[in-house]
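Participant: Sequences listed follow chains A and B, in order.
In case it helps, the working numbering puts the first sequence at residues 1 to 254.
In case it helps, the working numbering puts the second sequence at residues 255 to 480.
Honestly, the hints are just simulated from the structure, not real lab data.
Glycine included, each C-beta is placed from N, C-alpha and C at the ideal position.
Don't take every hint at face value.
Unchecked claim - From the derived model, a few chain B residues whose C-beta atoms are all more than 12 Å from chain A:
1) Phe297
2) Val307
3) Ser309
4) Ala330
5) Asp332
6) Asp335
7) Lys372
8) Gln475
Stated by the list, open to error - List time: in silico DSS-like cross-link candidates among lysine-lysine, alpha-carbon distance up to 27 Å:
9) B:Lys308 to B:Lys409
10) A:Lys95 to B:Lys313
11) A:Lys95 to A:Lys82
12) B:Lys308 to A:Lys82
13) A:Lys42 to A:Lys24
14) B:Lys295 to B:Lys409
15) A:Lys24 to A:Lys126
16) B:Lys315 to A:Lys82
17) B:Lys256 to A:Lys95
18) B:Lys286 to B:Lys313
19) B:Lys256 to B:Lys286
20) A:Lys126 to B:Lys409
21) B:Lys256 to B:Lys315
22) B:Lys256 to A:Lys155
23) A:Lys155 to A:Lys126
24) A:Lys216 to A:Lys184
25) A:Lys155 to A:Lys216
26) A:Lys95 to A:Lys42
27) A:Lys82 to B:Lys313
28) B:Lys372 to A:Lys155
29) A:Lys95 to A:Lys246
30) A:Lys246 to A:Lys24
31) B:Lys308 to B:Lys372
32) B:Lys372 to B:Lys286
33) A:Lys246 to A:Lys42
34) A:Lys246 to A:Lys126
35) A:Lys95 to B:Lys315
Now for the letters of each chain:
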Amino acid sequence: MGTTRRGPASPPQPIASRSVMVPKPTPKRFYGHGIPGVDLEKLSGKLIVIEGADGSGRSTQIARLVQWLEGCGHATVQVGLKRSTLVSEELERAKQGNILSHITLSLFYATDFADQLENIILPALKAGFMVLADRYIYTLMVRDLVRGMDEAWLKNVYGIALVPDAVFYLNVPPEQLVQRNFQKNHTLDYWESGMDVGLSRDMFDCFLQYQALVEKQFRRLQSTYGFTIVSGERSVEEINAELQEKIEVVLVGK
Amino acid sequence: MKTFAELNFPGRLIAVEGLDGSGKSTQIYLLKRWLELQGLKVFFSEWNSSDLVKSATSKGKKRELLTPTTFSLIHATDFADRYERQLVPLLRAGYLVLCDRYIFTAFARDTVRGCPPKWVRGIYSFAALPDLTFFFRADLEVSLHRILDGRPELKYFEAGMDLRLSSDSYESFRIFQGRILEQYLSMSTEFNFLVIDANQRVEAQQSLVRQLMSARVDLSQYVLPK
């Protein structure tokens, strides 16, 4: 027989290529006082936020990230704006009719966010899920800031929010967003064009001006909230590779 | 925070606050009738009554979906809707606006539910203070009797059942109302509540309310245009 040295019979090891990396828990915190009665220590999952305008490729990227994360053996949950059981229908109705004033609409969105935070995000993180958020409080704050609302007031309202483990802002210049929106549905959305702000009577001009204001506010918030700006002007694959690389860092606990 | 008078609004906002069963709704109704019969510009608004928000609120309450945070936010949404679309324009137009419950209801209830007082007050910081706030102070037992004597079917949130104070809804209601009363009393001086003894007869309370009203508001300013 050969000279192969063999150790004592060992218990069967999990096959390396099939082993699933357990993300390292990192300390969590709320922006303000948070939600009463939540034990932050127990939130073992990761909250990953993708921000960006309509047409910036958020949903495409999230779909790919879900595929990738699930492929790696992580359980995922997706949340987004206007998806709460509590108020999503009413919020949709209000937007269609354009009948609510600013503070009201803002609080309606805050309610929608809080409902998902308490009923989906926090329980999922407690169960160790990877939570992918298609937009978070930043979009909500930016929209209101562009409409002249008080930043201190917004910060107080969203003091309930959990600080995500990573926030990526997909940055696409307004001129390109127009092209992408037209490619997709040949129309610009009333709200995404900021028509209610009355920057211009021309929807096309309004869209460009509004999105520029939004981008400006995002860049301003970036210094406070420190999100990663990702250039959205590349191929889907390139962007996703960058996101995966950055999320891997998050999974190993930075 | 300033009152509407301090903000130079021509209108005046009068709010009533008190526990369920304190008789405040009866009193504000009688005040409204008195003002209307004098031919004055009067508008009445009730807590939690904006159409759009009501559908979400009642769904949330029915399915017990609400947490202290969403309970607070959804009532703030309702208030903001009425405030921006009705109260402020009417006050600009020189109306006497009567509110059955105002921001103090939220301050008391949400705090009892465990929301941080600073957060709740911050949310409502867009609202100006009432020019007059009548607080109907009945003994806890009196208000409890007024509500409970009919052995009504107490609603889940009304009884504070979400706080798990007691599995018995009547007992829970008692504890909950007691805590709300404490909150009201602690706000009384800060917000200049005009405290009305709600253990008195309806008529005795109403004459006091009318006296205070005419002493503090020049009613001749609010006559409906012919």
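Participant: For each hint, tell me whether it holds in the structure or not.
Facilitator: Now the hints, each set against the structure:
1. A cut-off of 12 Å between C-beta atoms confirms that Phe297 of chain B is not in contact with chain A; the least separation is 17 Å.
2. The beta carbon of Val307 of chain B sits about 7 Å from the closest Cβ of chain A, which is not more than 12 Å, so the claim that it is off the interface is violated.
3. Look at Ser309 of chain B: its CB is around 6 Å from the nearest CB on chain A, not clear of 12 Å, so calling it non-interface is violated.
4. For Ala330 of chain B, the condition that its CB be more than 12 Å from all CB atoms of chain A is violated, with the nearest at approximately 5 Å.
5. Its beta-carbon lying about 9 Å from the closest one in chain A, Asp332 of chain B breaks the requirement of being farther than 12 Å from that chain.
6. A beta-carbon of chain A is positioned within 12 Å of the beta-carbon of Asp335 of chain B; the least distance is around 4 Å.
7. The claim that Lys372 of chain B is not at the interface with chain A is violated, since a C-beta of that chain comes within 12 Å of its own (minimum 8 Å).
8. Separation of Gln475 of chain B from chain A is adequate, the least Cβ-Cβ distance of about 27 Å exceeding the 12 Å criterion.
9. Simply put, Lys308 of chain B and Lys409 of chain B have alpha-carbon atoms about 16 Å apart, close enough for the 27 Å limit, and the pair holds.
10. This hinted pair checks out: Lys95 of chain A and Lys313 of chain B have alpha carbons roughly 19 Å apart, not beyond 27 Å.
11. Note on Lys95 of chain A and Lys82 of chain A: the hinted pairing holds, with a Cα-Cα distance of about 11 Å set against a maximum of 27 Å.
12. Straight-line distance between C-alpha atoms of Lys308 of chain B and Lys82 of chain A comes to about 18 Å, which keeps the hinted pair within the 27 Å bound.
13. For a cut-off of 27 Å, the pair hint linking Lys42 of chain A to Lys24 of chain A stands: about 13 Å separates their Cα positions.
14. A hinted pair counts as satisfied when its Cα atoms are at most 27 Å apart, and Lys295 of chain B with Lys409 of chain B does not qualify at roughly 35 Å.
15. Among the hinted pairs, Lys24 of chain A with Lys126 of chain A is consistent with the structure: their alpha-carbon atoms are about 14 Å apart, no more than 27 Å.
16. For the hint pairing Lys315 of chain B with Lys82 of chain A, the CA-to-CA distance comes to about 19 Å; that is within 27 Å, so the pair holds.
17. Distance hint between Lys256 of chain B and Lys95 of chain A is unfulfilled; the C-alpha atoms sit about 32 Å from each other, more than 27 Å.
18. A C-alpha spacing of about 31 Å is found between Lys286 of chain B and Lys313 of chain B, which places the hinted pair above 27 Å, so the restraint is violated.
19. With a CA separation close to 24 Å, the supplied pair Lys256 of chain B and Lys286 of chain B stays within the 27 Å bound.
20. Restraint check: the Cα-Cα separation between Lys126 of chain A and Lys409 of chain B comes to about 31 Å, which exceeds 27 Å; the hinted pair is violated.
21. Proximity of Lys256 of chain B to Lys315 of chain B is assessed by CA-CA distance (about 33 Å); at most 27 Å being required, the pair is judged violated.
22. Of the supplied pair hints, the one linking Lys256 of chain B and Lys155 of chain A holds, its CA atoms being roughly 22 Å apart against a limit of 27 Å.
23. For the suggested pair Lys155 of chain A and Lys126 of chain A, the alpha carbons sit about 25 Å apart, so the restraint of at most 27 Å is met.
24. With a CA separation close to 25 Å, the supplied pair Lys216 of chain A and Lys184 of chain A stays within the 27 Å bound.
25. Between Lys155 of chain A and Lys216 of chain A the CA atoms are separated by roughly 18 Å; this keeps the pair inside 27 Å, and the hint holds.
26. Only pairs whose Cα atoms come within 27 Å are accepted, and Lys95 of chain A paired with Lys42 of chain A is rejected, the gap being roughly 37 Å.
27. The straight-line distance between the Cα atoms of Lys82 of chain A and Lys313 of chain B is roughly 16 Å, inside the 27 Å bound, and the hint therefore holds.
28. With a CA separation close to 12 Å, the supplied pair Lys372 of chain B and Lys155 of chain A stays within the 27 Å bound.
29. Between the alpha carbons of Lys95 of chain A and Lys246 of chain A the distance comes to roughly 35 Å, so the proposed pair goes past 27 Å and is violated.
30. Taken as a hint, the Lys246 of chain A and Lys24 of chain A pair is honoured in the structure, with Cα atoms around 15 Å apart against an allowance of 27 Å.
31. Proximity of Lys308 of chain B to Lys372 of chain B is assessed by CA-CA distance (about 26 Å); at most 27 Å being required, the pair is judged to hold.
32. The straight-line distance between the Cα atoms of Lys372 of chain B and Lys286 of chain B is roughly 33 Å, outside the 27 Å bound, and the hint therefore fails.
33. The straight-line distance between the Cα atoms of Lys246 of chain A and Lys42 of chain A is roughly 24 Å, inside the 27 Å bound, and the hint therefore holds.
34. For the proposed pair Lys246 of chain A and Lys126 of chain A, the alpha carbon gap of about 22 Å is at most 27 Å, so the pair holds.
35. Taking the CA atoms of Lys95 of chain A and Lys315 of chain B, the gap is about 23 Å. The hint holds against a cut of 27 Å.
Hint check: violations occur at hints 2, 3, 4, 5, 6, 7, 14, 17, 18, 20, 21, 26, 29 and 32; the rest are consistent with the structure.
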